[in-house]
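Trainee: Start from the sequences, fold in the hints, and give me the full structure.
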Amino acid sequence: MAKKFMALVASVMVSLMLISGAIASDKVVVNGIDFGFPPFGFVDKDGKPAGFDVEAMNWIAKEMGFTVKHQPTDWDGIIPALNAGKIDCIASGMSATAERAKIVNFAIPYYSVTQVMVVRGDEKMDLAAFMKSGRKIGVQRGTNTFKLLTELKAAGANIEIVQYDSTDLAMQDLPIGRIDASGMDSSIAYEVMKGQSYKLGGTFDAAPENYAYAVRKADTELLETLNMGLKKLMADPYWEELKNKWEIH
Amino acid sequence: MHFEKALNATIEALPYMLGGVGWTAIILIGALLVGFVLGVPLACCQVYGRPALSRAVGLYVWLFRGVPILVQLFLFYFGLLPLVGIDSALAAGVIVLGFTSASYQSQIVRGSIQSLSAGQLKAARALGMSDFTAIKSIILPQALRLSIPGWSNEFSILLKDSALLMVISVPEIMARTRSVAGRTHEPVAMALFAAILYFILTYVGIQILRWIERKVRIKGYSQEGSM
Numbered sequence: 001m002a003k004k005f006m007a008l009v010a011s012v013m014v015s016l017m018l019i020s021g022a023i024a025s026d027k028v029v030v031n032g033i034d035f036g037f038p039p040f041g042f043v044d045k046d047g048k049p050a051g052f053d054v055e056a057m058n059w060i061a062k063e064m065g066f067t068v069k070h071q072p073t074d075w076d077g078i079i080p081a082l083n084a085g086k087i088d089c090i091a092s093g094m095s096a097t098a099e100r101a102k103i104v105n106f107a108i109p110y111y112s113v114t115q116v117m118v119v120r121g122d123e124k125m126d127l128a129a130f131m132k133s134g135r136k137i138g139v140q141r142g143t144n145t146f147k148l149l150t151e152l153k154a155a156g157a158n159i160e161i162v163q164y165d166s167t168d169l170a171m172q173d174l175p176i177g178r179i180d181a182s183g184m185d186s187s188i189a190y191e192v193m194k195g196q197s198y199k200l201g202g203t204f205d206a207a208p209e210n211y212a213y214a215v216r217k218a219d220t221e222l223l224e225t226l227n228m229g230l231k232k233l234m235a236d237p238y239w240e241e242l243k244n245k246w247e248i249h
Numbered sequence: 250m251h252f253e254k255a256l257n258a259t260i261e262a263l264p265y266m267l268g269g270v271g272w273t274a275i276i277l278i279g280a281l282l283v284g285f286v287l288g289v290p291l292a293c294c295q296v297y298g299r300p301a302l303s304r305a306v307g308l309y310v311w312l313f314r315g316v317p318i319l320v321q322l323f324l325f326y327f328g329l330l331p332l333v334g335i336d337s338a339l340a341a342g343v344i345v346l347g348f349t350s351a352s353y354q355s356q357i358v359r360g361s362i363q364s365l366s367a368g369q370l371k372a373a374r375a376l377g378m379s380d381f382t383a384i385k386s387i388i389l390p391q392a393l394r395l396s397i398p399g400w401s402n403e404f405s406i407l408l409k410d411s412a413l414l415m416v417i418s419v420p421e422i423m424a425r426t427r428s429v430a431g432r433t434h435e436p437v438a439m440a441l442f443a444a445i446l447y448f449i450l451t452y453v454g455i456q457i458l459r460w461i462e463r464k465v466r467i468k469g470y471s472q473e474g475s476m
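In order, the protein sequence lines correspond to chains X and V. So for the first sequence, my numbering puts the first residue at 1; every next one is plus one. So for the second sequence, my numbering puts the first residue at 250; every next one is plus one.
Just so you know, these hints were derived from the structure itself, not from any lab. These figures come from a predicted structure and were not determined experimentally. Virtual Cβ for every residue (Gly too), placed ideally from N, Cα, C. Accuracy of the hints is not assured; some may be wrong.
Far from chain X, some chain V residues (derived; all Cβ distances over 12 angstroms) [said to hold, decoys possible]: (1) Met-266; (2) Ile-318; (3) Leu-322; (4) Gln-356; (5) Ile-406; (6) Val-429; (7) Trp-460.
Some but not every residue of chain X turned toward chain V, in silico, with C-beta under 8 angstroms [to be verified]: (8) Phe-35; (9) Gly-36; (10) Phe-42; (11) Asp-46; (12) Gly-47; (13) Asp-74; (14) Asp-76; (15) Gly-77; (16) Pro-80.
Mentor: Below you can see the structure in the form of structure tokens.
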């Protein structure tokens with residue numbers, strides 16, 4: 001019985017390995033992109049990876065002579081996926097924070113964001129007044145904006161912080177009045193305000209942070225290739241063209 | 250008008266979301282099969298095996314029922330499976346859901362076996378059958394039929410658990426829901442869309458299992474207390 005059972009387990013394992021089709025990849029750089037972070041990286045309506053970072057990486061790959069494959073990867077597991085070798089780099093609007101720099105290496109920064117507050121179109125209060133008003137501001141938990149708001153509150157700001165799973169969910173609650181403002185990266189703010197009756201309620205007084213590509217600590221060769229490619233891209237007229245195309249401010 | 254924007258986003262996402270239904274179906278069928286192939290022998294070992302074997306099965310069931318699937322997915326996909334050369338997220342998901350389902354399915358089958366009268370096995374032995382033959386030809390044909398209502402439960406639970414594979418980036422319904430929500434900024438409309446898809450899948454699956462249950466029913470034979 002036990003032998004038969006082991007044989008069964010073994011055969012199930014083997015067939016699963018066949019399903020998985022263990023593909024040994026040769027010199028293909030797999031780039032993990034966030035499922036939904038337009039305009040930097042997202043999955044378009046045909047299910048194909050698209051966005052500013054995707055096109056920038058395609059240009060760099062062509063210029064530097066490697067093949068790039070974009071792999072949509074869940075944001076919560078994107079750094080584990082990088083360090084487990086499921087993907088080789090992350091070019092998907094990732095902030096190069098000091099905390100992340102302890103476990104991955106970042107290429108040169110290519111874009112810088114500020115922290116802003118988005119409010120309803122008819123809002124009269126400015127940022128300074130809002131921070132003393134005791135009103136509610138929504139924010140995606142775990143983000144740098146959340147960290148900033150917590151620090152401001154500890155320093156005496158009179159606000160109520162409401163945490164959400166995503167900025168989009170906070171933006172569902174803003175028009176119906178469950179919150180009075182929503183804090184986020186400037187890069188997302190321009191995107192969520194498109195075609196809606198919202199406006200920028202102000203920019204927080206905080207150091208801007210940089211977006212950069214991430215690679216594994218050990219992958220110094222890839223890091224160098226990406227840095228060289230980025231420098232070439234940013235010196236090329238195509239860089240401005242890309243930024244205009246994706247309306248990156 | 251916001252409703253119109255949400256509706257347009259939903260219609261536009263339809264083909265992509267239906268692609269997710271295909272992935273969800275593959276995960277579900279794979280996991281149910283793995284769970285069945287492992288679960289039935291596990292149940293037999295637990296009921297008829299020597300005490301040590303029976304305890305080992307108990308330990309297996311306890312482990313897989315005791316650890317949340319989300320935790321298992323991270324452990325297996327990022328930790329254990331790469332060690333044995335399994336790289337694919339789909340395979341990892343099917344293994345995790347299948348192994349967990351095996352622990353539940355084994356308990357469904359165990360319950361069915363134990364609901365049969367013990368005299369049946371004794372009678373088979375008296376006729377000179379080996380235990381293996383008796384279990385295979387007398388016990389299991391009855392126990393498996395009795396297990397079908399339990400399975401339709403397991404089917405619908407597994408279907409909903411398959412959404413967890415989103416965290417290891419398998420492009421099933423929930424992963425696609427999140428990706429469309431991120432692109433269109435319509436999280437509520439997309440959640441409603443996903444809810445409808447899951448509802449249809451649950452309904453269709455349970456109807457199929459009911460049909461099988463009627464198809465394999467033995468005339469005049471029923472078990473008290475079965476649904």
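Trainee: A separate judgement is required for each hint: does it hold in the structure or not?
Mentor: Evaluated hints:
In this structure V/Met-266 is not separated from chain X by more than 12 angstroms, as the shortest Cβ-Cβ distance comes to only about 10 angstroms. Every beta carbon of chain X lies more than 12 angstroms from that of V/Ile-318, the smallest distance being close to 14 angstroms; the non-interface claim holds. A Cβ of chain X approaches the Cβ of V/Leu-322 within 12 angstroms, the least distance being about 9 angstroms, so the stated non-interface status is violated. The beta carbon of V/Gln-356 sits about 17 angstroms from the closest Cβ of chain X, which is more than 12 angstroms, so the claim that it is off the interface holds.
Separation of V/Ile-406 from chain X is adequate, the least Cβ-Cβ distance of about 21 angstroms exceeding the 12 angstroms criterion. Taking the minimum C-beta to C-beta distance to chain X, about 8 angstroms, the non-interface status of V/Val-429 is violated against the 12 angstroms cut. Listed as outside the interface, V/Trp-460 is consistent with that label: its C-beta sits roughly 27 angstroms from the nearest C-beta of chain X, beyond the 12 angstroms cut-off. Against a cut-off of 8 angstroms between C-beta atoms, the interface hint on X/Phe-35 holds, since the closest Cβ of chain V lies about 4 angstroms away.
For X/Gly-36, the suggested interface contact is upheld, since its CB lies about 1 angstroms from the closest CB of chain V, less than 8 angstroms. At about 5 angstroms, the closest approach between the beta carbon of X/Phe-42 and any beta carbon in chain V falls short of 8 angstroms, and the interface hint on this residue holds. This hint holds: X/Asp-46 has a C-beta 7 angstroms from the nearest C-beta of chain V, less than the 8 angstroms allowed. The closest approach between the C-beta of X/Gly-47 and any C-beta of chain V is roughly 5 angstroms, which is under the 8 angstroms cut-off, so the hint is satisfied.
For X/Asp-74, the shortest C-beta to C-beta distance to chain V is roughly 5 angstroms, which falls under 8 angstroms, so the interface hint holds. For X/Asp-76, the interface hint holds, the least distance from its beta-carbon to any beta-carbon of chain V being 6 angstroms, beneath 8 angstroms. For X/Gly-77, the interface hint holds, since its Cβ comes within 8 angstroms of a Cβ in chain V; the closest pair sits about 5 angstroms apart. The beta carbon of X/Pro-80 comes within 5 angstroms of a beta carbon in chain V, closer than 8 angstroms, and the hint placing it at the interface holds.
Of the hints listed earlier, those the structure fails to meet are numbers 1, 3, 6, in rising order.
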